[in-house]
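**Student:** Okay, so the sequence shown: first residue is 0 according to numbering that gives the first Met the number 0, each after it adds one.
Some hints could be false.
[What the hints assert, rightly or not] Computed cross-link-like contacts, DSSO-like style, restricted to lysine-lysine with a CA-CA straight-line distance of at most 27 angstroms:
1) K18 <-> K34
2) K79 <-> K102
3) K79 <-> K129
4) K129 <-> K97
5) K18 <-> K36
6) K120 <-> K36
7) K120 <-> K34
8) K102 <-> K129
9) K97 <-> K120
10) K120 <-> K102
[Claimed, not checked] Between beta-carbon pairs, the in silico distance windows are:
11) P99 <-> S15: 40 to 46 angstroms
12) N19 <-> E154: 51 to 57 angstroms
13) E109 <-> M13: 51 to 57 angstroms
14) I9 <-> E109: 51 to 57 angstroms
15) G147 <-> H17: 42 to 48 angstroms
16) P99 <-> K120: 18 to 24 angstroms
17) Y146 <-> Q105: 24 to 30 angstroms
18) F31 <-> G110: 37 to 43 angstroms
19) I9 <-> I85: 32 to 38 angstroms
20) G37 <-> G110: 47 to 53 angstroms
21) S15 <-> S94: 34 to 40 angstroms
22) K34 <-> S108: 43 to 49 angstroms
23) E23 <-> P126: 37 to 43 angstroms
Don't read these hints as lab results, they were simulated from the structure. For every residue, glycine included, the Cβ atom is placed at its ideal position computed from N, Cα and C.
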Amino acid sequence: MAKEMTIEQIQALMDSMHKNEISELVYEVEEFRLKIKGQQAPSIAPAPAPAAAVQAAPVAVAVAAAEASVPAPEKQPEGKVITSPIVGTFYAASSPDKDPFVKVGQAVSEGDIVFIVESMKVMNEVPADKSGVVAEVLVENGAPVEYGQPVLRLE
0 MAKEMTIEQI QALMDSMHKN EISELVYEVE EFRLKIKGQQ APSIAPAPAP AAAVQAAPVA
60 VAVAAAEASV PAPEKQPEGK VITSPIVGTF YAASSPDKDP FVKVGQAVSE GDIVFIVESM
120 KVMNEVPADK SGVVAEVLVE NGAPVEYGQP VLRLE
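Could you build all of it, start to finish, from the sequences and the hints given here?
**Tutor:** The following block contains the structure:
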């Protein structure tokens with residue numbers, strides 16, 4: 000693909016953005032990056048809030064509804080757990096054609112690299128913070144992980 004765009008191509012993108020009411024477009028190819036921001040639709044100001052005494056009942060209902068919608072915490076895995084140190088994407092191996100760092104039944108020592116978490120295009124090797132035998136891999140390869148999410152369970 001070309002690393003450059005003509006004025007006509009950029010104008011066509013801008014026309015398409017306007018026609019489809021798109022407020023922002025980012026186009027990236029290799030080292031070429033183009034970011035176009037269009038005009039945003041005017042926001043409508045919310046109506047002023049009613050007096051505090053009238054507002055008290057709806058707020059209580061909203062809080063009760065919010066508490067009811069909070070899911071029950073997931074059951075934490077038993078035994079020693081190695082968690083993700085950052086938010087990102089879990090990878091069991093250094094590349095798709097390589098073997099995973101660890102497999103179920105494999106012994107690991109503290110400091111061994113056990114998986115990778117990709118965050119912001121940086122591959123972060125994660126060492127085991129404890130020793131044991133891998134009992135279970137709790138995350139699928141390529142799946143997103145959260146900070147502190149259990150990834151491996153050791154025995």
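**Student:** So the hint says 47 to 53 angstroms: do the beta-carbon atoms of G37 and G110 match that?
**Tutor:** Once the Cβ atoms are compared, 51 angstroms apart, the range 47 to 53 angstroms for G110 and G37 holds.
**Student:** Between K79 and K129, does the CA-CA distance stay at or below 27 angstroms?
**Tutor:** With Cα atoms ~8 angstroms apart, K79 and K129 stay inside 27 angstroms; holds.
**Student:** Is the Cα-Cα distance between K79 and K102 27 angstroms or less?
**Tutor:** 16 angstroms, holds
**Student:** Is the gap between the beta carbons of I9 and E109 within 51 to 57 angstroms?
**Tutor:** 54 angstroms, holds
**Student:** Range first: 51 to 57 angstroms. Now tell me if the beta carbons of N19 and E154 are that far apart.
**Tutor:** 55 angstroms, holds
**Student:** Measure nothing beyond the straight line between the CA atoms of K18 and K36; if it is 27 angstroms or shorter, mark the hint as holding.
**Tutor:** 14 angstroms, holds
**Student:** Would you check the hint for K120 and K102, treating anything up to 27 angstroms between C-alpha atoms as holding?
**Tutor:** 25 angstroms, holds
**Student:** For the range 42 to 48 angstroms, tell me whether the beta carbons of G147 and H17 fit it or not.
**Tutor:** Once the Cβ atoms are compared, 44 angstroms apart, the range 42 to 48 angstroms for H17 and G147 holds.
**Student:** Please verify whether K97 and K120 have alpha carbons no more than 27 angstroms apart.
**Tutor:** With a Cα-Cα distance of about 19 angstroms, the restraint between K97 and K120 holds, given a limit of 27 angstroms.
**Student:** Starting from the hint 37 to 43 angstroms, judge whether the C-beta atoms of F31 and G110 obey it.
**Tutor:** 41 angstroms, holds
**Student:** Can you let me know if the beta-carbon spacing of P99 and S15 is within 40 to 46 angstroms?
**Tutor:** 43 angstroms Cβ-Cβ, so the 40 to 46 angstroms window holds.
**Student:** Would you check the hint for K120 and K36, treating anything up to 27 angstroms between C-alpha atoms as holding?
**Tutor:** Cα-Cα ~24 angstroms, so holds.
Going through the hint list in order, the structure satisfies each hint without exception.
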